[in-house]
Structures are given as C-alpha cells and as structure tokens.
Amino acid sequence: MRKKKKKNLPVIVGSVIIGIFIVIAIFCEQLAPYDPAITSINVYQRPDSAHLLGTNDLGQDIFSELIYGTRVSMLIGVFAAVIATLVGTTFALLSAYYGGIVDRLITSLTSLAMAVPGLALTTLLVCYLNPGKLSLIVAISITSWTGTARILRSRLLTLMEEPFIKIEKAIGQKDSVIMFKHLAPNIKDIILSRGAMSVSGAMMTEASLSFLGLGEFGEKSWGSILHYAFFRNGVIRGLYWWYLPPIICTSLAVLGFMLVGYYGQQNK
Amino acid sequence: MLEIKNLSVSFSADSDVLAVQDVTLTLPDKGRIALVGETGSGKSVLLLAVMCLLAKNAVVTGEVLLNGEDILKMNRKQLDKIRGALISYVPQGGGASLNPLMRVGEQVGEPLVEHQGWDKKDSVAKSVEVMKTLNMGNEEELAASYPHTFSGGMRQRAMIAMGIIAGSKILLADEPSKGLDEERVSLVVDSLNRLTEQSLLCVTHDLMFASRISDHICVLYSAAQVEFASTEEILNDPLHPYTRDMVKAIPENGMIVDNVGFAPSHDDFGKGGCRYKHRCKDCTAKCSEMPPLFDVGDRKVRCWLYEDKN
Amino acid sequence: MPGVARQPFGIPPMDKKNAKIQTARHILKKVLTSILTIYVIITISFLMVHFMPGDVIKHLIGTEDYYFLLENNPEELERVITKYGLNDPLHIQYLKYLKSIATMDFGVSYNNNQPVIYNVLKCCKWTLLISVPTLILGGVFGAVLGIIAGWHPGGKFDMIMTPISLFMNTVPSNCIGILMLVVFSYKLRIFPISGMTSGMLTGAEYVKDLLLHMTLPLIIMVMFRTFSDFMTMKSSVSQVRREDYTTTAAAKGLPDRKVLFKHVMRNAMLPYITSMCMQMGGLLSGSMIVETIFGWKGMGQLYYQAVTNRDFPTAQLCFLISAVCVVLATLLSDIVIALIDPRIKEKVNA
Numbered sequence: 003m004r005k006k007k008k009k010n011l012p013v014i015v016g017s018v019i020i021g022i023f024i025v026i027a028i029f030c031e032q033l034a035p036y037d038p039a040i041t042s043i044n045v046y047q048r049p050d051s052a053h054l055l056g057t058n059d060l061g062q063d064i065f066s067e068l069i070y071g072t073r074v075s076m077l078i079g080v081f082a083a084v085i086a087t088l089v090g091t092t093f094a095l096l097s098a099y100y101g102g103i104v105d106r107l108i109t110s111l112t113s114l115a116m117a118v119p120g121l122a123l124t125t126l127l128v129c130y131l132n133p134g135k136l137s138l139i140v141a142i143s144i145t146s147w148t149g150t151a152r153i154l155r156s157r158l159l160t161l162m163e164e165p166f167i168k169i170e171k172a173i174g175q176k177d178s179v180i181m182f183k184h185l186a187p188n189i190k191d192i193i194l195s196r197g198a199m200s201v202s203g204a205m206m207t208e209a210s211l212s213f214l215g216l217g218e219f220g221e222k223s224w225g226s227i228l229h230y231a232f233f234r235n236g237v238i239r240g241l242y243w244w245y246l247p248p249i250i251c252t253s254l255a256v257l258g259f260m261l262v263g264y265y266g267q268q269n270k
Numbered sequence: 014m015l016e017i018k019n020l021s022v023s024f025s026a027d028s029d030v031l032a033v034q035d036v037t038l039t040l041p042d043k044g045r046i047a048l049v050g051e052t053g054s055g056k057s058v059l060l061l062a063v064m065c066l067l068a069k070n071a072v073v074t075g076e077v078l079l080n081g082e083d084i085l086k087m088n089r090k091q092l093d094k095i096r097g098a099l100i101s102y103v104p105q106g107g108g109a110s111l112n113p114l115m116r117v118g119e120q121v122g123e124p125l126v127e128h129q130g131w132d133k134k135d136s137v138a139k140s141v142e143v144m145k146t147l148n149m150g151n152e153e154e155l156a157a158s159y160p161h162t163f164s165g166g167m168r169q170r171a172m173i174a175m176g177i178i179a180g181s182k183i184l185l186a187d188e189p190s191k192g193l194d195e196e197r198v199s200l201v202v203d204s205l206n207r208l209t210e211q212s213l214l215c216v217t218h219d220l221m222f223a224s225r226i227s228d229h230i231c232v233l234y235s236a237a238q239v240e241f242a243s244t245e246e247i248l249n250d251p252l253h254p255y256t257r258d259m260v261k262a263i264p265e266n267g268m269i270v271d272n273v274g275f276a277p278s279h280d281d282f283g284k285g286g287c288r289y290k291h292r293c294k295d296c297t298a299k300c301s302e303m304p305p306l307f308d309v310g311d312r313k314v315r316c317w318l319y320e321d322k323n
Numbered sequence: 002m003p004g005v006a007r008q009p010f011g012i013p014p015m016d017k018k019n020a021k022i023q024t025a026r027h028i029l030k031k032v033l034t035s036i037l038t039i040y041v042i043i044t045i046s047f048l049m050v051h052f053m054p055g056d057v058i059k060h061l062i063g064t065e066d067y068y069f070l071l072e073n074n075p076e077e078l079e080r081v082i083t084k085y086g087l088n089d090p091l092h093i094q095y096l097k098y099l100k101s102i103a104t105m106d107f108g109v110s111y112n113n114n115q116p117v118i119y120n121v122l123k124c125c126k127w128t129l130l131i132s133v134p135t136l137i138l139g140g141v142f143g144a145v146l147g148i149i150a151g152w153h154p155g156g157k158f159d160m161i162m163t164p165i166s167l168f169m170n171t172v173p174s175n176c177i178g179i180l181m182l183v184v185f186s187y188k189l190r191i192f193p194i195s196g197m198t199s200g201m202l203t204g205a206e207y208v209k210d211l212l213l214h215m216t217l218p219l220i221i222m223v224m225f226r227t228f229s230d231f232m233t234m235k236s237s238v239s240q241v242r243r244e245d246y247t248t249t250a251a252a253k254g255l256p257d258r259k260v261l262f263k264h265v266m267r268n269a270m271l272p273y274i275t276s277m278c279m280q281m282g283g284l285l286s287g288s289m290i291v292e293t294i295f296g297w298k299g300m301g302q303l304y305y306q307a308v309t310n311r312d313f314p315t316a317q318l319c320f321l322i323s324a325v326c327v328v329l330a331t332l333l334s335d336i337v338i339a340l341i342d343p344r345i346k347e348k349v350n351a
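Chains as they are written, first to last, in the numbering used here: chain E, 3 to 270; chain P, 14 to 323; chain S, 2 to 351.
Simulated from the structure, these hints should not be mistaken for lab results.
Since we're looking at a predicted model, the values are computed, not measured.
Honestly, I wouldn't trust all of these hints.
Stated by the list, open to error - DSS-like mimics (lysine-lysine), calculated; alpha carbons at most 30 Å apart, straight line: (1) P:134 - S:259; (2) S:188 - P:90; (3) S:21 - P:134; (4) P:69 - S:21; (5) P:191 - E:168; (6) P:94 - S:21; (7) S:263 - P:139; (8) P:182 - S:263; (9) P:182 - S:259; (10) S:157 - P:86.
Make the full structure from the sequences, and use the hints.
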C-alpha cells in the first residue's frame, strides 16, 4: 500500500517559530526602532505608535529590548545546547564503543553529574563566575549533557550488537571510521532531536537564572527583562506591556524547540 | 468444535490488502490441524482474529463458530468467559510472553482463579500438577520461579500448561517451535502430543514440526488457503504447486529449491489472480484469475489444475 | 508417542537464601557508591571555591566586602583570611574543610550571624510543607491521568492531554507563576500576594491563613509536577501495553480491568517508582523559582538570597544538602527496584 508521506505538523510549526526567532536575532539592529539601552524621561508609557510595547521604569523602549533580548536568549540557549549535545554525544560514543574501563569511567561521571542538582549548581557557578553570557553558557552546559549521554549510550549499545557494526570491526576497520561513518549517522536523528530538546531546556534554565538576576547585566535577555519587571514592581503595578512580552516570547521559543525535538523523534 | 468460515482480516476498512483472505476451516473435537505458511502469510493474525485479540483498527469479516456460537459477534464480557476456559491461545514463547514480575505458577494458575474462582494457592498447586502432565521436570521449582530464569522452550510449555489448566478443549498455538533448538522443539512436541483430550490448531512455518504434531495440514500462501489435506497426503502427495515446492525443499526430499522467488508485494496484491502465479511452473493464462477452493476427494486445493477433478 | 526423558531445569534456579544474599550485596554496592558520590561532591564543592577564577577570599566574603575591608580595615581582612585558613597549604585547608563538615560546623551566616545550619533547618521545614504535598498530589494525579491516556494511546484523552502537557512542560515556571500571581492575587484578589502568613494569628486562624498563602504556589507546583508525571506514566503504560504478556493476559480471559491492574500496572509502575524516588531528591531544591516569586521563605529562597548576597557558607550548605538529597533519592530508587524486580539480581550475577 502506498502511503503518502505524512506531514509532521508539530515539527513544521516548531520550525517556523524557531526560524522567525532566528531571523529576529540576526537582524535585531535593523528591526529595533530604538537603542534598548537609551533611557528617557518617558517612563511607564503605555503601548502606542511611538513605543509599540511601551516603556519601562527607565523609559527604555520595551519592544527594542525584546528584539535585542531575542539575540541574547537564543545565543545562550543554542550555544549551551550545542556544547551539551557535543559533550554528551562524544561521551556516549566513547563509552559505547570502547566499553570496559572507559565505559565505567564515563558512566560514573554521568551518574555523578546527575547527582548534582542542576539549577542549584548552575546558580552557584554563575555566582562564582560572575554573571555574564559566557558563565551562563558554561554553567548550563555543564549540568545538561547527562541526559543526552545516557540516551545515546543505550541506543549505541544496541547498535554495537548489530551485524553491520560487527562486520566492520571484524574486517579491522579503523575505530574513527566506524564511529563517524557507521555509528554516528545511525543516531543522527536522536542527536538532532535531543539537541532541539536541549535548546529548549537551556532556554528555560537561562530564563530562570536571568529571572533570578543572575544574567547578563549589559545586554538583557528575555529573562532579565522579566527580572526587572518583577523586582522593580512592574508586575505589582499591573504594567502588562512590560512583563507579558518576555513571558510570551520565552514560552514560544521553548515550545518551538520542544515541538521539533519531541515530535521529530516520535515519527521516526 | 471450532468452525472458521470465510474469515478475512484487513487493517484498514478501505484497503484491498488482506492479512487473511477467506479462510474456511473446521477443527473437529480432538482434531489436530497445523497451519503452515511462510513468514508474513497471515497465520498468526488468523489465530489472533479467532480469539478477537487483534487491535481495534483490524477489520475482521466472516464467522468463527465455537460449538455453534459466533465468537466474532460476542461482546467483551462473553469473550472473557470463553477465553482460557473453552478456547485457549498459546502465544509464542518469546522473552516477554510472561509477566516478568509474577511467579510462573501464579501466572499458569490464573485462568483457574479467573474462570472457576479458585484461590491463588490451590491454583499454583494445580499448575504444578498440569506441568507434570506435560513432563516439564522440576515442576515445583518452576512454579516458584520468575519467567526470566526460563529458557524459550520452558516458557512455551508453561504457556501450554496455562492454556489447558482451566479445562479448555481447544488450543490455538502460535509458532511454538520458533527460535528453539532441535532438542527443545522435541520437548515441545512431546508436551503437545500429551494433550489427548484437546484439539489443537497450531501455526508454524516448519513443515517437519507440523508433521510431528498434526493429523491434518492447512497450507497458507500470502494470506490465502492453498491446500488442506491430511498430514500424510501433504507430505507424500502434495497437490498445489506451492505445497509441492515446499515439500521438495525439506531435507529428506533433497532440498530442491528450483524456483526462487518472493511472495507477492503489497503493490500487486490487489491485482487479483493466483498469488503463486509468479513462481509457479504450471502457470497458465487462467491463473490471472483467483481460483476457488476445489474439492479433490476429501482434500481441498486452490489451483486451476484441479478444476476438472472437482 | 515415545516418552522423552525428563530434562533438568535449564538454568539452575537460585535458592531463596542465595537470592537474598544477592539482593543484599547489590544494595550494599549501591550504598557504597552513594557514599563515594557524596564524598566526591563535597570535594568538588571545595575545589569549586578554590579554583574559580578570581581571589578565593572574594568568593568567600563577597567582592564588595573585600574592597570595603581592604580600604577601611585591613587588619580585619587579615583576621578573616586567617580564620578561613587561606594562608595554609591547600591540602591542610582541604582537611580542615572535611573536618568542619564531619563535625557539622558549617560556619555562621553573614546575613544574620546565626549558625548556617540553624537557618537552613528552619527553611527546610517550610519548603517541605509545599514540596511533600506536591510530590504526593502530582504523583497521584499524574499516574491516574497517565494510565488513562496510555491505556488508549491515540485516543481522545491522549490526543488532548499530550499536547497540553507538552506545552505545560515548556512554559518556564516563573512565567506561569507570575501570570497566576497577576490573575489570582492582583486582579481577583482571591489569594494573598506574597509571604507565608499575615502575622498576629494563632490556632485555627493561623493554620487557615497559612493554607491560604500556600495555595497558589502549591497549585503551580502540583500542576507542573502532574504534567511531567503524566508524560512519564503515559509512555510507560503505552509501552507495557504493547508487550506480549499483555496479550497473554487477555487471552486467559481476564477482563480489561484485571489485565490493567494485575499485569500492565505492575510493570508500568517500575519506571514510575524510579521517577518518583528521583523526584524526592528535589524535595528541598526543586522549588526555588516558585518560592522566590511568592516570597515563600523556604530553602529555595534562602539559597537564592544567599547567592545574591554572597553569603557563601549558606549557599554552600544549601548546595551540599540538595546534592546529598539527590544521591539518597537515587539510592532509594535503586533499593526499591531491587526489591520489586526479580530480574535485577540476575543482572548483578552476570
């Protein structure tokens, strides 16, 4: 029976969301009407034609802040996820391929890293390292590679039992060739979907940390905007144009990556 | 007595691909029929359809009469009353065929608890007894063990015990020899042949195994019944070209495989005609039409060669 | 039919005593691993302070305090450095640090000059007050909904619940927290805005007031937990449902209810129990964001304030306690599974 290739709607929706945010992140200089750092005397302005999303307590244009925040949030999320996925994949490959002592070392390292409460360690690290983009990326990726490593390792262990890998080993193929030409392509889909999930996880952690005031000071991410909105009484005073946009943006971006990650894996 | 009449199964309503096509079969009391066919010929689906155990998306048509009552028309409550009590399904003894968290004795005795209201302890004791009739060895210990300590043959025989424990007179066994080495196949054969009170409908891909446990063989090819005859007749004088080729391929007959080919793909399925025509040496123009099941004496053959002997 | 000789049992079965020894050995191994893990975490937290970029003393007393003391009171700064033993060689410092942990001497908080351990224990109580109900309620709701959805995967309930819970798993908890705060506290004025009690109340009034204050944070936590537990249970049930033994059970004539409870649930509960045990590791550290938003003076907020005020003794103890909790929770899940699942002992043997 010929089956039409079913369109994976959630993945398409997710990709569109991600695409839009990436475009915004790249072209934020062109898109933003104001420099988000410039303060003015027009504080707490409601949204109007001059300020699409109003202004905050320092008279900064929130719409511009939000557009620049896209770049910061996406950058931290994507970078942290790329590092976490790379580290997780490498560990999984080494661990599953070599087995024995290498596997034991990596497995115990993974369980050790899993035993550390993620958000707590990240908070402590960011604090020691002094808040900033780089320390956020390091702190987030240090705690988030474990899930990827575990899942990939168990998948690779089943692959290692497959005849086509055993044949390669039997004919004395080089380790690196087997790992990158035969093993890696077979787990490509899982890596990609785990990668997308990692981005959404990293963006959530970033949002939480920045919300707690541990984010970048100079360049505000969405989480930082929310931090100021909450701790400078924007929420209590009902300034919805201040606290709603970062909430919506964060949720949408995280949802986009989650859709791609979750449903991308499901239909394979 | 179990009568299967014109049973067809497909997995979507508008699809012309049938997993089982128009199978008619009668299993008399104490009769032993083996359903033989290649992997993918729809044998296992047939058994599940008879038990009404197929997933909801399966479309089953025809009749399955158990002592005159149509199983396919029963509701779930009525089904629960007959399953395991009048008619039993013995699944393939793969690794996950028994619940890994329950002791085997308890699982084997479960039909008694369910159908006759026994208490658990007595049912376990009875399961030991039934396993003894199957000659399993160390029955008390087996009953107290968990399934993961069992070999495939042991699991298979434990499930045969589960099938007969509540007095069911009809056993439907799904590939009981699959994945077992010769020695364990013999043990399963031995256990099955100890069931003198029950009738057996056994699905297998192994003609030799079928010959050891059955008195009649029904050959399936690509979802359709192609031949039905007694075991001796099938082995010594096969009529249908497919059966002939299959019999030639068994070791004693020289393992002659001279018409290599594949079962029809799903794409040419709907185009009709005899399913075996692509591989058949006796293929004629007539074969582009699906032959009916011809009666040749008390045998049944689905091949145009036997049209005039009808 | 010729009789076949009775075959000995394929794999020698372990007698019961032997099985018990195997289980005990398995558990002992896990306990030792956990102790080792805790030791490594303690060491890491020591190294973290000493190998971070920047001056150790700045980490220990905070950058502002450091410069303040450096300019106004260098003697005091020297005294503090000596007090922390920062002039000692690293291995002496390490031994001193281990000793202080062994004697439960975690220092004094910079914030209120109380012993750190006293502050932490006080806050633990408040965190447990919302995290334990969250664990239980979320666990029960998630399990029930997950079973319903997993029993009929692709059914109506599943099709509605899965996208919702996927979405709920993606919304950061601070976002939902703020939205709920705005709607229920500011706009509708159903619940108090922040804090734990209004003060000046005793007896039943006090309890009622406390409950009112904890409702909103509790609802948010339970909601998040329910949706994540739902996903766990759903995937577990729908997987077990496809296993052969589910068909075997139905073929015996068991009604759906019994197939579900006697066969499917028992197996589906294994991963769920693991997940529940692991969640116990987050009892103290899992509610930081919600506590901060609602001004709930628990461990999370204590930790958050310690970090922002550079109160390192407190922050470090909070971190250690959270880590120990996670390790103990993992150990608990290992033990529970070893006791329930007969297959674990075999794996140890192999």
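Against the structure, the hints:
no., hint, verdict
1, P:134 - S:259, "holds (18 Å)"
2, S:188 - P:90, "violated (53 Å)"
3, S:21 - P:134, "holds (23 Å)"
4, P:69 - S:21, "violated (44 Å)"
5, P:191 - E:168, "holds (25 Å)"
6, P:94 - S:21, "violated (40 Å)"
7, S:263 - P:139, "holds (20 Å)"
8, P:182 - S:263, "holds (26 Å)"
9, P:182 - S:259, "holds (24 Å)"
10, S:157 - P:86, "holds (26 Å)"
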